[in-house]
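**Q** Since the structure of chain A is already known, use the hints to place chain H on it.
Residue-level listing of the chains:
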Amino acid sequence: MGKITIAPLTRLEGHGKVTIKLDDSGKPADVKLHITALRGFEQFVIGRPAEEVPRIVPRICGICQTAHHLASVKAVDAAWGAQIPSAAEKQRELMHLGNMIHSHALHFYYLAAPDFVLGPDADPAIRNVIGVIDAAPEVAKKAIAMRRVGQSMVEATGGKPIHPVTGIPGGLSKSMSEEKRDELLAVIDTMIQYGQDGLDLMKSLNEKYLDTINSLGVIDTWYLGLVKDGKHNFYGDTLRFVSPDGSEKMEFKPAEYLDYLGEHVVEHSYVKYPYNKKVGYPEGLYRVGPLAMINVCDSMSTPLAEEARKEFAETFGRPANQSIAYNQARLIELLSACERAKELLEDPEIVSTDVKAEVEPKAGNGVGVVYAPRGTLFHNYETDDNGIVTKANMIVATTHNVPTMEKAIQQAAEVLFKDN
Amino acid sequence: MADKVRLGLIQLCGCSGCHISLLDLHEQLLDVLPNLEIVYAPIIADAKEIPECDVFLIEGGARNEHDEHLIHEIREKSKVVIAWGTCAVYGGIPGLGNLYDTEQLKKTAYETESTDNIGELPSDEIVPPLTNSVMPVPSIVDVEYVIPGCPPRPEINAGAIVALLEGRDPELPKKIVCDECPRTKENVIPETFKRTFEGTPDPEKCLFEQGYTCVGMGTRAGCGALCPSAGVPCRGCYGKTDEVLDQGSSLANTFAAAGDEALKISDKSALFNRFTLPAALISKKQE
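Quick mapping for you: the protein sequence lines, in order, are chains A and H. Note that the numbering used here has the first sequence beginning at 1, numbered continuously upward. Note that the numbering used here has the second sequence beginning at 1, numbered continuously upward.
This is chain A alone, in the form it adopts within the complex (with noise of 0.2 Å):
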């Protein structure tokens, strides 16, 4: 029997590697994803101050560390019963979208392109960002130029575009100024506009790819995405489940996710392996992120991605069970993500200094979610009398996607070993 390890696994934020045994024939029998680090932030959070762990857990992830703190704050919120005022609310929202649209551009432009713009069977030496500059200079200054945007939207309303830091108890330390607000509404129409650009080309990428995306990583699962009133967003209230042929739904809120989620450790990672508890492990395995966001709402809350989603629909299926198809979900998102930021900025509460309420420390338990730009975050603390964590539970936005991606991997494998 024969083994391939790819090792390490290049071109994403985490550490890992994956092994393939191949059976007598050649085929490959059994595929494991390895995530091979661990750092205990479960652990290394319990005696801190609970106002203190927004600022500590953002370390989780530097490209998504905007929703690490923010699901955090949301969770101390709860845990300590603060009512926050509406335009912090709406100024952490801006706060999100703008590591959403920093890190989806990121995601595509920089990780994910080099495969389609250079192609797959380009030299690896030259498939990476550097090689995209150097063959399509105007498709990497649009997504340099959204980064910048991204990031200065969140600098603004975080006080740092990498770890914010503004969001406390009971709201935000800080509030955007008129004129950060003023820089970035000049801009925001060109974000727009660059968003529909990377559709396009995207679309354009399909025409040459599509049997590959209909071909390769292709795998029934569940989806789980964050929603309000049903429809798709990124700071939403509800949790929604849809089963891998889209006819059962099922909805809770994130106070209620113990009795929706459930983690099974496995020997061959450091990462759990999360699913739907009322299905079972490892039936209820399910994927999250733009695939899924836009497999489980009803429509996108903005006009231009809800044109967009009609037209994935049409192309992909619903639910589409594609894995490469979470490129386009990704577009979509980023184009909705950058109409969702131009709402906020036009309302006059977006520089509003109401922004904190008084909280008192106190014992409880509070869940914190937010569909961070690789899925939905889950942060839950308990607290003490004075406010300091006891418990902490965190079930982080790839982890949700580990089991299945190695399910994609698998059958991507099969493909191609057959066709070898």
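You may find that some hints are simply not true.
What the hints assert, rightly or not - List of simulated lysine to aspartate or glutamate pairs, EDC-like, C-alpha gap at most 20 Å:
#: 1; chain 1: A; residue 1: K391; chain 2: H; residue 2: D101
#: 2; chain 1: H; residue 1: K264; chain 2: A; residue 2: D385
#: 3; chain 1: H; residue 1: K106; chain 2: A; residue 2: D347
#: 4; chain 1: H; residue 1: K194; chain 2: A; residue 2: D385
#: 5; chain 1: H; residue 1: K106; chain 2: A; residue 2: E42
#: 6; chain 1: A; residue 1: K17; chain 2: H; residue 2: D124
#: 7; chain 1: H; residue 1: K194; chain 2: A; residue 2: E358
#: 8; chain 1: H; residue 1: K268; chain 2: A; residue 2: E358
#: 9; chain 1: A; residue 1: K3; chain 2: H; residue 2: E125
Stated by the list, open to error - Between beta-carbon pairs, the in silico distance windows are:
#: 10; chain 1: H; residue 1: E198; chain 2: A; residue 2: N214; range: 52 to 60 Å
#: 11; chain 1: H; residue 1: D267; chain 2: A; residue 2: K208; range: 39 to 47 Å
#: 12; chain 1: H; residue 1: V80; chain 2: A; residue 2: R318; range: 38 to 46 Å
#: 13; chain 1: H; residue 1: K48; chain 2: A; residue 2: E207; range: 29 to 37 Å
#: 14; chain 1: H; residue 1: E243; chain 2: A; residue 2: K208; range: 16 to 24 Å
#: 15; chain 1: H; residue 1: L263; chain 2: A; residue 2: K253; range: 40 to 48 Å
#: 16; chain 1: A; residue 1: E414; chain 2: H; residue 2: D142; range: 44 to 52 Å
#: 17; chain 1: A; residue 1: G26; chain 2: H; residue 2: D242; range: 40 to 48 Å
Hints were generated in silico from the structure; no laboratory data involved. We put the CB at the ideal spot given by N, CA and C, even for glycine.
**A** Structure of chain H alone, referenced to chain A:
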């Protein structure tokens, strides 16, 4: 292209924020990149083997045996090794793990309320075993330079790269965060200490003097005092300055001027060494 600098980049026990901060040079990247040949960088490129490099930026310290192995391999293959970012230089936030033993870290992670098969653990024969503590890069191998910051600001990254391209030594800021902070000081010692969410701080005045537990006075400058400017106290993410031996002790010294009130601050170990515990004089909880 022999004149290009052969650059390697890796993220070990970090969050990739330092890599993102490098990308946050945005349009300036187009000026910097042509001088570099990126020969190894798992986050953005597909090379699988570490080649001979001129300069290697290591983000993150070591949390497991594989990280440690890679740090040794990088040292052997690189002319210049840079501990890049606070995790690499001092251990960073993951270094808070050193307050607990490794078995406890694992037990907590694999026994959460959401876990269904409590008692099972990932196999040390398949995934790399955790080391006993988080170790910064300079405690494992000699490095030519350190660039602290969580993350280092893009201009600090650019400054270091340009210095190396020009054959100069990269230079770090020598001052403290207070020197960059726009808030005004009256040189008074607070009578009591407050937590960040308590009250509304005066937007013009020094946060420490208002009783907030700011640690800018013991922290290397370079960030532009972004946190106090945003209304929250500095947490020390650039580590100590060259003038002192230990960040935690120098901060404890300042706070001690407030007398017994300083003793009432909760969680002092993770306040004074939030980002630097693995490199601190007292670096690990004693059992």
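**Q** All hints, please: hold or fail.
**A** So, going through the hints one by one against the coordinates:
1. A:K391 to H:D101: Roughly 17 Å separates the two Cα atoms, so the pair holds.
2. H:K264 to A:D385: 16 Å, holds
3. H:K106 to A:D347: Not satisfied, since the Cα-Cα distance of roughly 46 Å exceeds 20 Å.
4. H:K194 to A:D385: 16 Å, holds
5. H:K106 to A:E42: It holds: about 9 Å lies between the C-alpha atoms, which stays within 20 Å.
6. A:K17 to H:D124: Within the cut-off at roughly 15 Å; holds.
7. H:K194 to A:E358: Holds - the C-alpha atoms of E358 of chain A and K194 of chain H are around 14 Å apart, at most 20 Å.
8. H:K268 to A:E358: 25 Å, violated
9. A:K3 to H:E125: 17 Å, holds
10. H:E198 to A:N214: 52 to 60 Å: 57 Å, holds
11. H:D267 to A:K208: 39 to 47 Å: At 56 Å between Cβs, range violated.
12. H:V80 to A:R318: 38 to 46 Å: 53 Å, violated
13. H:K48 to A:E207: 29 to 37 Å: 32 Å, holds
14. H:E243 to A:K208: 16 to 24 Å: 60 Å, violated
15. H:L263 to A:K253: 40 to 48 Å: For K253 of chain A against L263 of chain H, whose Cβ atoms are near 42 Å apart, the range 40 to 48 Å holds.
16. A:E414 to H:D142: 44 to 52 Å: 48 Å, holds
17. A:G26 to H:D242: 40 to 48 Å: For D242 of chain H against G26 of chain A, whose Cβ atoms are near 59 Å apart, the range 40 to 48 Å is violated.
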